[in-house]
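Participant: These are the residues of each chain, in order.
2 protein chains.
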Amino acid sequence: MPQTPHINRRVLLAARPHGKPVPQDFRLDETPVPEPQDGQVLLRTLYLSLDPYMRNLMNAAGASYAPAVAVGAPMVGGTVNRVVASRHPDFRAGDLVLGNAGWQDYALSDGSGLTPLGDMPRPSLALGALGMTAFTAYVGLLDIGQPQPGETVVVGAATGAVGAVVGQLARLKGARVIGIAGGADKCRLAVEELGYDSCLDRHAPQLAAHLAAVCPNGIDVYFESVGDEVLDAVLPLLNNHARVPVCGIIAHYNDGAPPAGPDHRPALLSTVLQKRIRMQGFVILDHYATRFADFRREMGEWIAAGRVKTREDVVDGLEQAPDAFIGLLEGRNAGKLVVRVAGD
Amino acid sequence: MPQTPHINRRVLLAARPHGKPVPQDFRLDETPVPEPQDGQVLLRTLYLSLDPYMRNLMNAAGASYAPAVAVGAPMVGGTVNRVVASRHPDFRAGDLVLGNAGWQDYALSDGSGLTPLGDMPRPSLALGALGMTAFTAYVGLLDIGQPQPGETVVVGAATGAVGAVVGQLARLKGARVIGIAGGADKCRLAVEELGYDSCLDRHAPQLAAHLAAVCPNGIDVYFESVGDEVLDAVLPLLNNHARVPVCGIIAHYNDGAPPAGPDHRPALLSTVLQKRIRMQGFVILDHYATRFADFRREMGEWIAAGRVKTREDVVDGLEQAPDAFIGLLEGRNAGKLVVRVAGD
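Chains A and B, in that order, give the protein sequences.
With UniProt numbering, letter number 267 in the first sequence gets 267, and the count goes up by one each step, no holes.
With UniProt numbering, letter number 321 in the second sequence gets 321, and the count goes up by one each step, no holes.
Hints are all accurate, no fakes.
Pairs count within a copy or across copies, as identical chains cannot be separated in the list.
Below, in silico cross-link-like pairs of lysine to aspartate or glutamate (DMTMM-like), each with a Cα-Cα straight-line distance of 20 Å or less:
#: 1; residue 1: 275; residue 2: 286
#: 2; residue 1: 173; residue 2: 143
#: 3; residue 1: 20; residue 2: 319
#: 4; residue 1: 20; residue 2: 229
#: 5; residue 1: 20; residue 2: 255
It is worth saying that the hints were derived from the structure and are not from the lab.
Chain A with its partners taken away, still in its complex shape:
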């Protein structure tokens, strides 16, 4: 069923997942479209962003940067919205805004957290190549990873929404860029479309040996968003003074408990010590105030000049969001995953 003017479809968290989310952890319901009060706007959702961090918010503990989604509440998420009706002085009906309406057709907002998008020709880019995920790549790679010309950069999830931008920015900065991705199709995409010098299939046997072969000068920056066997392959190749921005560990988001041994923590610490590694976690919310304007300007120029490609994976229909999100955690998408909730 498509979006309609009087019914608000919402995707609720039906149950906290045990390990991998399943369709039964979500529930689609319908409520009346709410009425804005004084100081509020009514938003209609055009695009919904689906991102791995949402898996953390399905757990009772939530995450350090955001509370858990309550069972029975709509899933949260970044959105591109049209203002349908406004009783807020700063917004008018028809405005295009970036918001956090979550997994639903309509939402009320008091204006906080809304960013006007003007008449952006491809508004979904505000969720990806000009939004959070590319900004994550920008801060993580440039500010923390600091690749130098001629250095080797390895991207753990080469064709994900973040990784696809990391790879392109690393090349743009003059680094050699090696990707790791799930499956031959993604590896081809990484090399042919995104400009990776080489891309290895994460699931192929002997990943460590293949990675060593394509990194003859070692690894200077490892952009970590996977963990697990990808990290196993990377660690022995890190050069002295390598930088490891930690953006995510998607291989572990579905872990219910610490995985079986052996314990790899001592070996990780030993590598950090002996090779003088700087490993640094970051949460992109911290960086908007200081770096978003720089990002928006530079990235806009790079996209306009064709130096960065904006790869999107668009799914049609709010009701497809749970399946698309489950697929995201399995690595089914390539590029930024967005749900087209409604035509404009």
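Mind docking chain B on chain A? Use the hints.
Facilitator: For chain B alone, kept in the frame of chain A given last:
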């Protein structure tokens, strides 16, 4: 048997240890004192430094910063020496120098790596409070840890050669300083002599709960030189944007293989990510060119003013070095462990 003018006693690596070193891994032998050739000096050892990094060099793989000691070769180590005879233009008989003569009474040197010590009244300090270990504390805490006034600093090995200085420098910078050490005696020493606000026994039950109780505002800097259950207790208490200089992981130096599970690596990465931790390994050799002069000046002033205490644990006799070193890895010492090889 004490040092004599014509016999060079040496402690050799007899066998590579499996796990904890045992006395049979070392062998004391005697050779004639060598004769310096043109461009060489003959050094007599007064003090030998014993440090945990030596354990890594007993393994066939060595370490990133130094090759393995060959089986049958003298153990390596920093030393304070008198020049006995010189055929080198820059040195004269009688000069006091800092060198790397290793575990033996005498050694030849071509002068490279020798640092004149002038007429230093307590020359053993050149191995500790004015030498490598305190310099390690200085760079690790001040340059990497960067404690701010009012922050909480936790020192994993509070009374070790490095930790004893870390704790004092952290206090000097206005931080609250919590130590962890092995046993009640060391904890008392940490508080009463070294000025820790509190110190917990690493082996006491419920370390994590006790640490939480003495860190009501969380932990901003964790100076890591232990690993294992100390790190387990620290991780949940780290604040957002905490810094973790990684100086060593002494709890794991005797590990022959990765310890049994569960695998704590994913949880460590998750903490690094969610709390935006900067974890950074360092090897002190990298920092002499840029920071040693600053250290030597500042530390000299702090010691002279009584603001930093120079705690030493002195063992008499080269033949005691193996047992003292085995004890070092078990945490038997408090303060900088040095062997007085000979009177001056």
